[in-house]
Amino acid sequence: MIFPAMTGSADGPDGDDYEVTLALHGAIAVMVGVLVTIVWVATGAGYFWPMWVWFGLLTTVAVHALGRRGIDVLEQRERPLTFHVELTAFLVAIELIVWAMSGGGSFWPIWPITALGALLGVHALIVNRELLPSLRERELTERVDVLTRTRRGALDVQAAELRRIERDLHDGAQARLVALSMQLGRAEDRLDDRPEIAALVRQARSEAGAAIKELRDLARGIAPPVLADRGLVAAVEALGQRAAIPVAVDAQVSRRLSPVVETAAYFVVAESLTNVAKHAPSASARVTLADRDETLVVEIADDGPGGAAESDRSTGTRATGLSGLRRRVEALDGTLRVTSPEGVGTAIRAELPCGS
Amino acid sequence: MRVVIAEDNALLREGLVALLREREIEVVAQAEDGEGLLRIVEGHKPDLAIVDVRLPPSFTDEGVRAAIEARRRHPELAILILSQYVEPVYTSELLASGEGGVGYLLKERVGEVRTFVDALERVAGGGTALDREVVAELVRSRHAGERGGALGGLTPREREALALMAEGKTNAAIARAMVVTPGAVEKHVSNIFAKLDLPATDDDHRRVLAVLAYLGAGEE
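Sequence lines, in order, name chains U and P. Just so you know, we're using my numbering here: the first sequence kicks off at 1 and counts up by one. Just so you know, we're using my numbering here: the second sequence kicks off at 1001 and counts up by one.
Worth flagging that the hints you see were computed from the coordinates, not collected in a lab. No residue lacks a Cβ here, since even glycine has one placed at the ideal position from N, Cα and C. Accuracy of the hints is not assured; some may be wrong.
[Stated by the list, open to error] Which residues of chain U face chain P? A few of them, derived with a C-beta cut under 7 Å, are:
1. 174
2. 181
3. 226
4. 238
Looking at chain P on its own, in the form it has when it is part of the complex (with noise of 0.2 Å):
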């Protein structure tokens, strides 16, 4: 897996780059802002852009819009943005940008060194990995409320397993986390695509994706 960082803050991109490399993870180029994070992009074409939402010269959204920008120039990039706050705009336009995976984990998500490469590699190949703060944040969205209160009309525990899995864990991970056998987390996920009036399909990204794209379906 080939890595771009755009972080202006020092210590964390190469706290971050130290991290990867222990991890065998090679990053290939680091940029401190977002012209630069488009211009390594061009450069070394990476398989995954790992990208700070505040960078220079505005310090409020750049690091959102480049990414942005990044993947409509690139659509198969994967895009991790790590965020000191939840912000779910940001992670419903970065969802609407493209094909390739994405991600939006806090900061300090960073820390649980093997979550956070099963993230990256999970984004890296197309899939999801949203915080659980931004998951918490997107089901109790509006859009929940609208299409005649679906999610409403999930019960607590499918509520549950559908956050988690928004998050991008697996149907084991669910069980592992929920507590329950992975013959129940099935039947909780297909009564949720039964009652959210999803297609089931085999992949789970695909699923994830398509849940993350129902949950943020209507943003500008």
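Bound conformation, chain U alone (with noise of 0.2 Å):
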């Protein structure tokens, strides 16, 4: 009776309307809501019947807003998936009550709602569809992460074993070859009266002799001793005084960074310095390290001749050494850059991310 009239007028679309007939739905309901409670306590209470009335009439209300709502949607004021939302929770909303009023029981809402649910979260996927590469973008971040993570740690496992190795061939191998030298040296010293025995032995010594200095040229090559034992400043400074060329070294690092790190570092002075002394031997260099946010900047410069390039196919010696560099340093993820103007000298900048 009432209702023909009420969704009769939510078909205008003007703001103004809408809410009129609405709040006149409203109160038309209370009214009505209230007549039939009256009618019920006049005739003697009893079950509590007019709820249903109650339930039956804010539902129209409740569906005369939603309409509203609707028609935005399809003038497109409004997102889809919103009115959907809203639509989902009356929904369930009236279920819910549904529910209560007729006294509880086995909870039977719980299937509508799921089902009301799965819909919703079809329709939300679907809507935001574009968002998914995202979210892979997002996993092969953390992918990229955990790779340079690990990869770092294994660079750091590699030189911590590869310190370890030559510690061990110091302690071990080197030390039984120096004490069988020694027990050799010692027999020798007795044989003056045999020359022709002390001379075999004197051979097997000069055997031992050669095993060791393979040994220690091995384990200098891992790292030279200054470098695991005083660090990089010191180290480097020690490639300074050793250069054929005069060298310059300005270290502003104050802390002792991780093996890897120091090795690769104290490695692309150690060859820029050597490349200097072979292409320029009349150049001076200047060696510039610094610890900056985390970045340990490694730079050689000279001021010889220049024009060096990394990619000089015909010589091939010092393009081999910087590309041995250059996979050194980015393995650690640094740079390596090489700047050789004709006339003004060469700097080879490494930078390496140092950072705990």
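Build the complex from these two chains, which are given one at a time in their own frames, with help from the hints.
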């Protein structure tokens, strides 16, 4: 009886109109509700059946309100997903109220609510499907982070292992060979009257000596002792002192860095100074080490003739040395840059991330 | 000659003690680490300490640091460093650290028993004994190049003579090593001193020290 009039008035797209009819609808519903409740009291109370009347009336008011939102969607003033959320909430509320008013019992609304939720979920996924690739992106970013961390970890482990091997060589095989060489020396010392045997022993000792030297060279290739003992700055200063050209060292690093970073930086300096001495023997060089914002900056600049090309295919040697350095540096996510303008000199700059 | 030894490797320590005993050199005490070295130097006042570079607990340059400290307390103490590797920085530090004799030898040189014992005696007497590889490193150091190419001004034969001299060899030994007459060596040596602008004295060891001081000057 009241329904058709109410829904009829919902056609008006005009906001004010709509609100007026909605308010009227609400007022009438409340009036009818009150009347019915009075009738219930007058007929002697009992089971509170008017609650179903209230429920029906208020449901029509809610449908009326929702209808307005529906129009908004049709006229594209509102996102369909928002309307879907409201509609779902409305239906769920209806089911819960009906369940409660019918005396509870087995919670049957779980099934329609699950279905409604699933529908809403599918709708949300379809609407937000353009966000899915970014999820994938985030996954990849995380993966890259993990890989960077584990690669760095692997390199640290490798550097630590190499130092351990160096130490083991020093305390193990090398020490045994030294002891052997001592004993041979003592034997030789007592063989003054048997020169031919003494010569044999001397030969054996010189073999031991050669083996010791080979082990020593091997250990030095892993990392020079002064680097492991005293750190990068001392090792680079020692390099500067031993270089065949004059070298000024300016080192602004006050902490011990991880072995793998120290070793890479050390070999960048060593190889670069060797290159300068080889290609510009009359030049002098300046080595700068700076620990800036978790990045170790290593620069070797000379005042030689410049014009060095990293991809110098004709000579090969220089290129090989540099590409070896580049591999070392890039494995640490660092960069290596060579600038060598003709007549100005050559500068090699390596930046190595060294955050903890 | 009274000697103490600081060496953590038992095999080498015992070998060294046995070798010295056979040569009637008295090993009065042994230590296994830097602190031990300081303790036995204090307690026994030896003429010479034979020290391994790498000692516990740090297993880095503990031996060098302990030796320098021992010399600070006993400037007359002679130090012979034994190492399995050449590190010119450590040599320079030792040379700068006191008045007594200083040696830096690779461990395998101990096997050349006679040369080793000669070196010990020289160092105990206030002289020097530097391993030929140490000398080679020092000679080609930058300091040479910086002083107006002073070392660059030496002829290859003079360089060779200088290197042998720095090892602590006498003129006669240098002559043997270079297969020349002692007279020729004397000429080389006086040329070297002239070119390096060093005042000549009669004492071989002081001249060697002077050369080394010259080569090692400017080390921090």
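Hint check:
| no. | hint | verdict |
| --- | --- | --- |
| 1 | 174 | holds, 5 Å |
| 2 | 181 | holds, 4 Å |
| 3 | 226 | holds, 5 Å |
| 4 | 238 | holds, 5 Å |
Checked against the numbered hints given earlier, this structure breaks none of them.
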